[in-house]
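Peer 1: The primary structure of each chain is shown beneath.
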Amino acid sequence: MTTQPGEAQVTPRPSALARLGSLGPLLGLGALMIVATLLNPDFLTLSNLSNVLTRAAFIGIIAVGATFVIISGGIDLSVGSMAALIAGSMILIMNAVSPGVGTFGIIALGMLCALLIGAGAGLLHGTVITRGRIEPFIVTLGTLGIFRSVLTYLSQGGSISLGNDLSDAYSPVFYGKLLGIPIPILVFAAVALLGGLILNRTRYGRYVQATGSNEQVARYAAVNVTQVKIITYVIQGLCVALATLLYVPRLGSASPSTGLLWELEAIAAVIIGGTALKGGSGRIWGTVVGAILLVTIENVLNLTSIISVYLNAAVQGVVIIIVAFMQRGKKVG
Amino acid sequence: MQQLKNLALLSLTLLASAALAQTKQVMGVSIPSADHGWTAGIVYWANQTKAELEKQYPGLTVIVKTAKDSNEQANQIQDLSAVNKINALVILPQESAPLTRPVGNLQKKGVFTVVVDRALTDPTAQNAYVAGDNPGLGKVSGEYVGKTLGGKGNVVVLRGIATVIDNQRVDGFESVLKAKYPNVKILDKQYANWNRDDGFKVMQDYLTRFPKIDAVWAQDDDIAVGVLKAIQQAGRSDIKFVLGGAGMKEMIKKVQDGDPLITADVTYPPTMIRDAMRLTAKSIMTKTAMPKSTIIPSTLVTKSNAAKFYYPDSPF
Amino acid sequence: MSQPPAAEFINVTKAFGPVEVLHGVSVAIAAGEVHALIGENGAGKSTLMKILGGYQPPTTGEVQVSGQPVHFRSSRDAEARGVVLIHQEFNLADDLSVAQNVFLGRELGGLLLNDAAMNAEAHAALSRLSVPIDPRSKVRDLSVPQKQLVEIAKALARDARVLIMDEPTASLTVRETEVLFDLIRNLRAQGVTILYISHKLEEVKALADTVTVLRDGLVVSSGPASELTPHEMANRMVGRELEDMFPPKGQPGERELLHVEQLSVPGWAQDIRFTLHAGEVLGFAGLVGSGRTELFEGLLGLRPRTLGQVRLAGKAVRLRSPGDAARAGLVYLSEDRKGKGLLVDFKLRPNLTLTTLQHYARPLLDIGAEQRALERAAKDYGIRSGRLDVEARLLSGGNQQKLALARILEADPQVIVLDEPTRGVDVGAKREIYLLIDRLAQSGKGVIVISSELNELLGLSQRLLVVREGRIVGELSGAEMSEQEVIQYATGLKAAPSHTTPSILESA
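Chains as they are written, first to last, in my numbering: chain A, 1 to 333; chain B, 334 to 649; chain C, 650 to 1157.
Because the hints were derived from the structure by calculation, they are not lab data.
Quick caveat: nothing in here was measured; it's all calculated off a predicted structure.
Just to be clear, a hint being listed does not mean it is correct.
[As the list claims (entries may be wrong)] Just a sample of chain B residues kept apart from chain A, beta carbon distances all over 12 Å, derived: (1) K357; (2) S366; (3) T372; (4) S403; (5) S429; (6) T433; (7) A452; (8) Y539; (9) Q565; (10) G568; (11) P648.
[What the hints assert, rightly or not] So the derived list for chain B, only partly shown, Cβ under 7 Å to chain A, looks like this: (12) D368; (13) H369; (14) D521; (15) Q523; (16) N528; (17) K562.
For every residue, glycine included, the Cβ atom is placed at its ideal position computed from N, Cα and C.
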């Protein structure tokens, strides 16, 4: 065999800057937390941190699903509307079931229905996108409108509220704690861990990344690309349903403003976390940090009054762009 | 002689058609589609009133149309004029400025225009104006908060969406406190966008930030729903009451039932569309003048008068 | 010599970080000559040419153009001095027309574009190359050789005096190559200097006036092409005596491994039938665009097709997807390494195991086992990389190809279809791939090789099938296998229904 010393040299070690860049979102969150504590020491109280994480759970769980969709090269714009529809349908179903089933039974049934609707919506998206060969942007933009107007129709424009007894029985799912940690945070952590495991340590996760990196290569390498894509949308649907299971007991109601713009927040969390919008590579922990970061910005703004409330959205925008800029270092390597 | 006969015939026909015109009237009602609780109430009451008025005035046809944005609404009122040949238009505009000219055009064609809630930028384009009282809502609320706290205490304010309506309410609220209850302190005012989720989040953060809050002015019943949940979760007992606004039926019910936190509400009723439609119908059917401006006052609802404001069938 | 060299490198070095890849190179390229630059991958050819093209500055040393020192900061600077680099992967916008591409970045006209003038000038530039391409046709609709001509026309329209061509014949067939060579000679006659980089030494011998051999960042020799045989060039490139490129051919067995009947791929192939035996290397020859690649993509279910019967090792099988094929023991290596072969942004490990991931799922992936497989494959297939945890795009062409081969062989297939297995691969790696093909055949597997390099097909296969316009038009074995025979079949001069002479322009 011939030796070619020249070749070994073209494989440089990732630069220090690049490695720092991949930690961009974490550094951004750290910096934001320091600023927040300086502005209002109450930020670091256990109850406030637990509020922040609980709020991040909704967007975060949805964003974990979105990470799969985006890595595979797709996009789902309908998640906010889907959440609203699932919440509304779930409440209507639970209200309609006869009390004979028992409160626990009714709630379990409602949860099951929510998961089925979420998975079904995802299956619909995946199938239309792959078999029907329509751009995911268009398909999910279409269902974004459809889901929300179905909910508006069901609620006659008002709100759909869970009956009082059910509401009381169900509320521990949001307000309850296990080992001192609010349940939504535990669910969020579990979803993130499971998502990370699936993405990085299973065949399916590898296929998702390969499909997003280059669909043709994956297809030629004997990967069933169609199936891989459909399942990403089902995962997304299940994540939305799971987030909704936690959302409904919070207010016990759904309205046409439920989940408004969640799709943008979820996608933003994914991208801030370092997943490429064009697909191929990404990471769940980044998404988790991204979701927490978005919620933290909002929290900090509410905890202080140094900036005019009229400029809230501008502050959010600036922070998001700065974090994305820090993230950019990754591509230098 | 023949000529005279012809003339008589002609005048007879004219008379008949004039009489017909008097009994046959078409009223167009253009309102935003039901995208949140209050507009859902508007849609509900518009349809209720349509049935009621068509029964009351046999010659009257009422056409109710909903629009999701200003653009759609502008097209819609054009159609109402061109296709449905309406004699009167009752409109709750999505936005004031973009709809001023389209409404003015109809008025020039002889349509009687009545604008509800959001006044046009050119007041000459509207024949009559019917509205709730936003500064009044703020003042009534300020009065209630100041009085109930006995002129002393800490209040947090949750605002709606940055609009004129929101500003008028908050200005009214603050002016009363400043003038009559200078010892009531407003701790902060943040936007909660007239929805429950944001009400919950903003209130959570207020609770973290301020250890002692005496009262919450949420100015809107949807926001108040979120506020209640946040207080409940935090288990705080320092807050004496939460004052919403608009008159959502669930909130009125709480007032009626003597809820410990929801002790009162201030109306900004979607029934204003009913009032506008009734006034307009009366004016065109009986050929009587309609007042140029009708302000429907915001009323304080307490346990004693709550039954009067409770409409269990309305979605709002 | 009164005229200064068209371009000259004087003691040029180039370092990337601490790594120096050029260690003081001095070469003069005389005006109006065809100057070939040869060397193995990693020898520094690309770096040298990028320095002249203005894509990278030298670390030390000087570059002169027409006797003047130059300091290019970008390819635009170089173009301004008449030096244009034509990349191996074309720099053309597929959705724009030929004329729009030729004038991209320096459009004619004021506020409104003057399309008529641009079409006319592009037409003039193309006529200078004596190629009848309509300047208004879209680049997407052109064949590979036509695109190459557009690249050259683009350079000429920019008044190129020095043309750097990076492996221009890599994806051309024999005939297309000849057309290109006529063109290059024609340009030389017009006074254009050409710096020509190639792995194909026969071509260098046929075309170049001067040959410079680079090895490990140093000039080994630079002198008239007439003084070197291709074999000597190869020896200088690797720095030692090179054995025969091709291993001796083995004897194919009798056992049928793969039998395909009545395979048709609409628009590409009709009624294909063939048989492959155990231990056999079967070559598929034909012009670019003759349907060889599409035929096998159809067989694997990657394209719409109709299929009579497929028997693998005597058993009828249904192949609806590459997955079915891999399970049945048939694997295919695409000719399009970056588009269909490798996940270039992925590291080596996931690339290696993509097709055989089920062996590592327990049910969680055993990353350690994957890593061991990679280390084993790197040794078995001679994949050379400084570190193994790098992205595939950082490997040289030859090592990428070995990685792609390793992946399909991980599936332990019976039948291996290799489409252009040595495209863009240097001499050393080529020989390793030939040896590997031989090893596979010796172990009783069946290998199908599709290639546009005739000497490769002749050197490797025991039997050759010639494809022309989607049909198998000839079968050659033993003594019948010669270059002339194959070309006659491939161009329709022999045993073909019609006698149209295909030109470089029809082969799209």
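Peer 1: Each hint: holds or not?
Peer 2: Each hint, compared with the structure:
1. K357: B:K357 clear of chain A: closest Cβ-Cβ about 32 Å, beyond 12 Å.
2. S366: B:S366 is in fact no farther than 12 Å from some Cβ atom of chain A, at 7 Å.
3. T372: Violated, because the least Cβ-Cβ distance between B:T372 and chain A comes to about 6 Å, which does not exceed 12 Å.
4. S403: holds, 18 Å
5. S429: Given a closest Cβ separation of 20 Å, the condition holds.
6. T433: holds, 25 Å
7. A452: B:A452 clear of chain A: closest Cβ-Cβ about 23 Å, beyond 12 Å.
8. Y539: violated, 7 Å
9. Q565: Given a closest Cβ separation of 8 Å, the condition is violated.
10. G568: At roughly 10 Å from the nearest Cβ of chain A, B:G568 sits no farther out than 12 Å, so the non-interface label is violated.
11. P648: violated, 4 Å
12. D368: Holds, about 5 Å.
13. H369: Holds - the Cβ of B:H369 comes within 7 Å of chain A, reaching about 6 Å at its closest.
14. D521: At 6 Å from the nearest chain A Cβ, B:D521 passes the 7 Å test, so the hint holds.
15. Q523: Since the shortest Cβ distance to chain A is 6 Å, the answer is holds.
16. N528: holds, 4 Å
17. K562: Hint on B:K562: holds, closest Cβ of chain A at ~6 Å, below 7 Å.
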